[in-house]
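Engineer: The lines below spell out each chain.
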Amino acid sequence: MKVSVDSNVCQGHTLCAMTAPDLFVLSDEDGHASAVGGDVPPNREAAAREAARTCPEQAVVLS
Amino acid sequence: MSIDQVNPAPAGDDARRQPRIDVDRHSTVWRTEFRTLSDDLPANAPIAWNETYGGYWMVTGNKEVFDIVRRADVLSNDNDIHFERNGYDGIQIPPPPREQRVVRGGILEMDPPEQRYYRNVMNPYLSPAAVARWQPVMDELVRACLDDHIESGRIDFVDDLANIVPAVLTMAMLGLPLEDWVVYCEPSHATVYTHPDSPEIVRVRELQNQMGMRAMQSIAQLRTDPRPGLIDGLIKADISGHSPDDMEVLSQVTLLIGGGFDTTTALTAHALEWLSENPDQRERLVREWEELRDSATEEFLRYYTPAPGDGRTFSADVEIDGKQFKEGERLWVGWATSNRDPGLFEDPHEIKLDRKGNRHSSFGLGIHRCIGSNVARATFKTMLKGALDRMPDFVCDPAGAVHYDTTGTINGMKHLPATFTPGKRLGPGVTETVAGLQRIVDEQRLAEPVTARKQARLTD
Ligand code: SF4
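Chains L and W, in that order, give the protein sequences.
FYI, full-length UniProt numbering numbers position 40 of the first sequence as 40, with every residue one higher than the one before it.
FYI, full-length UniProt numbering numbers position 396 of the second sequence as 396, with every residue one higher than the one before it.
Pulled out of the complex, with its shape left as it was, chain W reads as follows:
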């Protein structure tokens, strides 16, 4: 071997793409070793080149996440499925194969100004004031879920509560038939917890397609027979002189269902599991609910960050925090690691129900802040309070609890069985309640935007 063949100093892209790491976010390690990784990566490699999945920048440090993700001027969320613009791949790393991409993921896979036009259409359905009107519906749904199991002393907090309430509520807000939550529920969760390389993914994508077909039928129906809701708002929207076609409406609906179902479920399951393991903290939360409700919610959001991160694509060459990025390179922004930064959060690996200054980024940062954040908070609080009030001595069964194998997309749970002292039923179960709520939603036009109707009027 001649001397000039030995270890040439890395040049070009190799020199720039440093330090190098090899972390498969879709493996179980990302969940089981998360604590070590979230200590190690932000401290030693806050911006690193991750060699998995074709190579991409992975940003894990709090400061770096903050500095980079708010640069919407050099970042793109676009999922250009038909190669009409720059051919970018959206927010998933790895992205689904192109032939599988029917629509992009709504505003989360769009850039301004288009993203802003759509967001303005949807905000009045999802703002804090808009969401507050749904509180009586959430209360009823939680009551019904708990009533289906209260007499037996056994419940699965995922299957019987946390999967149902966000799903039915999302249907209602969209203006879809409430009972259709069943059609969307399984595929929405399975899409998230199935590893992209698993053979199961084929079946899951098939289920997803069926779900898409159902949504398309409903959108067509809502065009001829309008009912209030987010879909109605989208159908009638003026997106700078253009009104969205069915596929464009479907793209937003896909995002709202994907975002609305699995994330709140994940947060609720984790919080209930933790409260079962920490009975003294549970007692405290019950005792001081009024004072702790908000801070505890934000703390569970921080600690269990339902969406651990999101992908982007650099849309221009740029230097940020001393690193040179090139147009077209992929980037993954780590909300979950950022939320464990000891510089910002004292004892970051501890859950403190009364934590102050909880500047977490669980809903993202910048222009793509989760549009459903207000719904998520309200639904979570309602489910948690319901379980604490009516099943105060619940104990989760660790042997039956099933965490997602892969937390690359959502840090969630498939099952969380629990037992408790049986109690008394207060009313009808889920099926009857959903039918009753459908009548009320229709008669009172509950799904109108807040600009049309401010008050909640849940009276029968």
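Extracted from the complex, chain L is given alone in its bound form:
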């Protein structure tokens, strides 16, 4: 599984990073998120799904 953030949709609510701090980084400047990249470790797939479900803008993309 891969996770990414649609930067056109993300508004910096930070809930993804709150849910899965190891999978997302927040920009120092505006708090918008990006994914750390690479494959999501199998034991973190549930956390990635949870982050996608929690994002108020539905900006977290799983593939």
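Keep in mind that the hints were calculated from the coordinates and are not lab data.
Honestly, I wouldn't trust all of these hints.
[Claimed, not checked] Okay, the calculated beta carbon distance ranges per label pair:
(1) S34(L) / E186(W): 41 to 47 angstroms
(2) G423(W) / K2(L): 47 to 53 angstroms
(3) K454(W) / N8(L): 23 to 29 angstroms
(4) E29(L) / R293(W): 24 to 30 angstroms
(5) D22(W) / K2(L): 47 to 53 angstroms
(6) M247(W) / A46(L): 50 to 56 angstroms
(7) S198(W) / S34(L): 44 to 50 angstroms
(8) G429(W) / E29(L): 33 to 39 angstroms
(9) S63(L) / R293(W): 29 to 35 angstroms
Small disclaimer: the values here were computed from a predicted structure and weren't measured.
Here a beta-carbon is modelled for each residue, glycine too, at the ideal position from N, C-alpha and C.
Chain L is already provided as a structure; the job is to place chain W with the ligand on it using the hints.
Structural biologist: Positioned in the frame of chain L, the structure of chain W with the ligand alone reads:
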């Protein structure tokens, strides 16, 4: 009566503006009957024409809120106070009378691209990384507020804690004198809890004007004698080749003060009141603070949605979710009802401190997401933790608790007295602490943007 005069089928606007409801959001009913309304409206009339205040669309369902509010291409937040553009009325329904509108409410009453330029200027003062630097200051302020009352066994959580910490912190971030929080505090809250039709509103608007004058003096002073902070950033900003004049700076300052003061106060008061009424949950929160801190905060945000909704104006004719909207029509987006949608939140009327997937919209959605959300969360957590740690057996007095009569703008509380077993003072009270923090803020230039300074260095 001839037959052709009887009940003509509604035509034109009347046909379009269906279903019709009659809900005065500024009456006490909106608060006292909120549970019924939040079950009824999203289920039966998620997009409805509310006939109060001149008529406007009221969107209460979660899906509909999500679909509509992110359409920044057909929505305007503009408060065009001098009729320079389309004459739109900003985010309040009803809007204040035009002659009372001195400035618009900052970026919240602006549209892109202007809104984005300003937002980019302010973000580096308010991002998660920027806010983290203020944690030692928040800790000190909370300690001082509690110390002023810890020996007496009595505190008013609104007057003595939740009004003070966000207000002083907002002053500090703006680069204003910290002690000025007193000047801004009362008018900021009174503006929000006074019904727009109440005779009191005249006095409140007068207080607001005085507050505006004070802010104008401070802005002028900061131009000649710069100090770091949001105002300094705004003064020096390049807004696509134009630098903001004093009124434009004031417009942002008004928003930051209005948004910074009352909302976090409201959230904190409600959370403390609930924890007092649910001692088993309070014990659990204390015991599992590390695990529950974030989820509990988001849950209080969802359940007590400090800003129940915001107004917009349609800037174009458009169809969304099967409804035809016309340019110029007003719209009110209901965050609070959306946050109780059973489709998205299991047992929506229950507070679950460990709720997962809490996709609430308490900070709004789309390009106008609350720019102070990170400050609000951090301040709230610090105040809550302080009260739980130092007054662990506090009991709020329901007879003394005063909720806002009108929650049309903010779902807040005026007073929340509580008693507890007295404890020991740890340091000086608010007045002395604020003076001490002023020195530290100045010497260490704490209010610089995160782009200039990353670390917190609160050492004396
Ligand atoms: S929760 Fe969504 S909107 Fe918020 S930072 Fe993460 S991706 Fe962006």
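Engineer: Now, for every hint given, state plainly whether the structure supports it.
Structural biologist: Evaluated hints:
{"no.": "1", "hint": "S34(L) / E186(W): 41 to 47 angstroms", "in the structure": "42 angstroms, holds"}
{"no.": "2", "hint": "G423(W) / K2(L): 47 to 53 angstroms", "in the structure": "52 angstroms, holds"}
{"no.": "3", "hint": "K454(W) / N8(L): 23 to 29 angstroms", "in the structure": "28 angstroms, holds"}
{"no.": "4", "hint": "E29(L) / R293(W): 24 to 30 angstroms", "in the structure": "25 angstroms, holds"}
{"no.": "5", "hint": "D22(W) / K2(L): 47 to 53 angstroms", "in the structure": "50 angstroms, holds"}
{"no.": "6", "hint": "M247(W) / A46(L): 50 to 56 angstroms", "in the structure": "51 angstroms, holds"}
{"no.": "7", "hint": "S198(W) / S34(L): 44 to 50 angstroms", "in the structure": "48 angstroms, holds"}
{"no.": "8", "hint": "G429(W) / E29(L): 33 to 39 angstroms", "in the structure": "36 angstroms, holds"}
{"no.": "9", "hint": "S63(L) / R293(W): 29 to 35 angstroms", "in the structure": "32 angstroms, holds"}
The structure shown violates none of the earlier numbered hints.
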